[in-house]
Structures are given as structure tokens and as C-alpha cells.
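Undergrad: Here is what each chain is made of, one letter per residue.
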Amino acid sequence: MATPTREEILEKVQQTLVDALSVEADEVTENATLTGDLGAESIDFLDIVFRLEKAFNIKIPQEELIPRDILSNAEYVQNRKLNAAGLEALKKAMPHADLSAFEHDPDIDKISDVFTVGTIVNFVQSKLAAQG
Amino acid sequence: MRWIWIDRFEEFVPGRRATAIKSVSLAEEYLHDHVPGFPIMPASLLIEGMAQTAGILVGQARQFSEKVILAKIRRAKFYQLVGPGRQVRFKAIIDQLSDAAASTTGQIYCDGELVGEVDLVFSHIDQNLSGLDFPQENFVFTEQFMSLLKLYQGAGAERVRL
Chain E
0 MATPTREEIL
10 EKVQQTLVDA
20 LSVEADEVTE
30 NATLTGDLGA
40 ESIDFLDIVF
50 RLEKAFNIKI
60 PQEELIPRDI
70 LSNAEYVQNR
80 KLNAAGLEAL
90 KKAMPHADLS
100 AFEHDPDIDK
110 ISDVFTVGTI
120 VNFVQSKLAA
130 QG
Chain F
0 MRWIWIDRFE
10 EFVPGRRATA
20 IKSVSLAEEY
30 LHDHVPGFPI
40 MPASLLIEGM
50 AQTAGILVGQ
60 ARQFSEKVIL
70 AKIRRAKFYQ
80 LVGPGRQVRF
90 KAIIDQLSDA
100 AASTTGQIYC
110 DGELVGEVDL
120 VFSHIDQNLS
130 GLDFPQENFV
140 FTEQFMSLLK
150 LYQGAGAERV
160 RL
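Here the protein sequences line up with chains E and F, keeping their order. For the first sequence, counting from 1, position 114 maps to 113 in numbering that gives the first Met the number 0; every step adds exactly one. For the second sequence, counting from 1, position 54 maps to 53 in numbering that gives the first Met the number 0; every step adds exactly one.
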């Protein structure tokens, strides 16, 4: 099976988010954040992960999408903010995310802001590439 | 009155599907209060019946080691009203199951006719909501729910016993 193009992945991700979050298709732009712009709650992430697994026939371990082990590691977190070592670890664990804005205020309660539609597309693309 | 909206499991295939039935009786208080003078079972309680059927199915799939909480109603559609004297049949199927969660699809029947369709997502809460502490004991699967499996006499009963 040919690897889908980024455009094709985006289309499927958009449909997934329309179904999971009951939002309009035109709201689901690449830069829209899942929690801020599309109103996703933490519980919706479980639903979205299941829908993505089905839509793309992939397995998504929870830790790959959101590395909670880093965000809950006392070595990396002080006063609910990630330190420099924590940020480095997070960057390695989340190559699919653009962390440049998060770096300025690495408040772990704001980690969900890094999840844009584009982040999800990047993630799916890397999973599909790894799968061959 | 107890918060239990299914009477008996009719079928229980571990990790895959389950069917539970409930007989609706005019002795039940809520029937008199939902629409006064017109006793019907509220759709919300039909959803709860499905959540209990599917929730026990999901819990059993991991030997009740997880606290299984209804996280999301993906879809709930109803086509008919259910009144006293009817027997409701909840048919639940596990669609996806992971360490963190499970999704189920379900149909509700009455006398062979489709009454509703309810698709749900459950969270294994100890694997989510990190930072929040929950009690050690499994407060979801209380004796009240577990007795439903103890009383199950259908095919494969020995496999669902604890």
C-alpha cells in the first residue's frame, strides 16, 4: 500500500476531529489547537487516539503522543514547570510537536496547547513512515 | 432503590461482547416521575444500562484490575419509547481496548426491535489523569456489579467467574 501524502493524512485527521469533537470542518485548520480552538477535553484524547488508530490502521501507545513519564518526573519538573533537562527530554520524545512557544513558558499544565491539528498530522506521518 | 440498571447477563464472551437484560416494572419510581402520567424509561437510564453492560465487559477484559469509568458518549440514538412491562436487551461489543481506555458499540432491543444505539468510550482512570489520586480499592466494581457475573449461567460461565 502506497504511503499517503501529507495532504491525504490531513484530510483524514480533519474528519477524525470533526467526528470526535463535533466541530465544523472549516474550524479544523493545521494551526488550530485541539484544546484551545477545538474545545477538546483530556477525555477526548482517548477517543481521538482510538479513532486515529482505526482510520490509519496504526497503534498509538499513550506515551508516544504525550510522554507523561517526563511530565511527572521529579527530576524534570519544578513548581509544575519543566527545567532545561526536561525540555531536552521532551523534544526528543515529541519530534512531531513544535515546542517553540511552550519553551518560553514550560508550564506542564499547558502541554496540551502544543497539540495542533498539524502536530497530529506530523505524528501520524511519522508512525506511517516507521511502519513502512 | 439501587443504582443498577441491568438485571441479568444473558451472554458474556470475555473481551468481546455481552448481552444483558432488564425488565422494566411500574414498581420503579423513576417511571412515574420522568413524564407524569406517561410512564417511560428515560433515555439517560437506557444509556446507563448500556454503560453498565459494556463497563463490566471492559472491566472483566482486564480481570477487574482497572477502574473503568464512562468517559464519553460517542453516539446515542433512540428510535422507540420503552415503557413498563417491556424487557430491554443491551448488546455491547468491545471495539477497541488499550492500557488507557476502551471503546464499545452497542444496540438496545425490545421484543426484537431496535430501540436505540449507544457507542461509548471508557477510561482506565489510574492510567490517565496523572497527578490525581484515587482510592486503592476498586470502587467501580462493587459487590453489586460483581454479583451479576456470579449469577451468570450462560455459555462460558466458568470463564467469567472470578
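Worth flagging that the hints you see were computed from the coordinates, not collected in a lab. C-beta: ideal position from N, C-alpha, C; glycine also. One or more of the hints may lead you astray.
[Unchecked claim] Listing some non-contacts, in silico: residues in chain F with all C-beta distances to chain E over 10 Å:
1. E9
2. A70
3. K71
4. Q95
5. A99
6. V120
7. Q126
8. F140
[To be verified] Going by beta-carbon spacing under 10 Å, a handful of chain E positions derived as facing chain F:
9. V17
10. A19
11. N56
12. R67
Undergrad: Indicate, hint by hint, whether the structure satisfies it.
TA: Here's how the hints hold up against the structure:
1. E9: holds, 27 Å
2. A70: Violated, since 4 Å does not exceed 10 Å.
3. K71: violated, 5 Å
4. Q95: violated, 5 Å
5. A99: Check fails; 5 Å does not lie beyond 10 Å.
6. V120: violated, 5 Å
7. Q126: violated, 7 Å
8. F140: Per Cβ check, F:F140 is outside 10 Å of chain E; nearest 20 Å; holds.
9. V17: With Cβ-Cβ at 13 Å, over 10 Å, it is violated.
10. A19: holds, 8 Å
11. N56: violated, 12 Å
12. R67: Holds - the Cβ of E:R67 comes within 10 Å of chain F, reaching about 5 Å at its closest.
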